[in-house]
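**Q** For what it's worth, our numbering labels the leading residue of the sequence shown as 1, then goes sequentially.
It is worth saying that the hints were derived from the structure and are not from the lab.
Check the hints yourself; a few may be wrong.
Said to hold, decoys possible - Here are the computed distance ranges between Cβ atoms for each label pair: (1) G92 x Y67: 13 to 23 Å; (2) E55 x Q113: 18 to 28 Å; (3) D106 x K129: 37 to 47 Å; (4) Y169 x T74: 26 to 36 Å; (5) G128 x S34: 35 to 45 Å.
Just so we're clear, the structure is a prediction, and the values are computed from it rather than from any experiment.
We put the beta carbon where it would ideally sit given N, CA and C, even for glycine.
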Amino acid sequence: MKRYFFIIISLILIGGCSHQEKEEGTNELYLIPSGFEGTIIVFYDVPNKPVLEKEGKYSVIRVKFEYLEALEGTEIHQYGIYFTSTQDMNYGTVNNKYYYINENGDRTSINEQCTHVMGNGSFTGEDGKEIKYSTIQITKSQCGEAFYLDGKDNYYTQKEEAKSYWMNYFD
């Protein structure tokens with residue numbers, strides 16, 4: 001009886017360890033125009049948009065700028081965005097890499113303390129389809145533990161305005 005109990009416990013432990021090894025996490029590589037500060041939103045499963053390219057084990061997100069008329073005249077009227085037809089975002093441990101990229105394609109690594117992961121969300125479009133998105137904040141001027149943990153308040157406002165705009169667009 002003890003032998004069977006030991007075998008069952010061993011199988012559970014081995015199964016649990018192998019499950020943890022398979023967890024890949026987010027593994028996204030953000031290419032952000034040089035000097036950008038603000039919110040970046042990535043929308044998934046958008047028809048007629050490119051699938052995410054792969055660079056090794058990382059999915060490449062080439063951030064572009066958009067402007068919010070609702071925030072015209074403020075320092076946060078410009079935000080970053082990317083649309084992909086990739087069906088869903090990755091979940092798990094955040095293993096992202098962030099780079100500023102200049103017009104020549106040269107990359108400069110962005111320090112982790114200059115990033116804030118805002119998280120994932122979704123909303124339902126008029127056609128009943130769920131639109132999923134992920135959001136992050138990037139700074140070059142306020143890097144540090146406080147930004148890494150909490151982000152910047154006005155970037156949360158920026159995110160909500162951008163999300164509201166796109167909710168109306170997808171309706």
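**Q** So which of the earlier hints does this model not fit?
**A** 1 and 4
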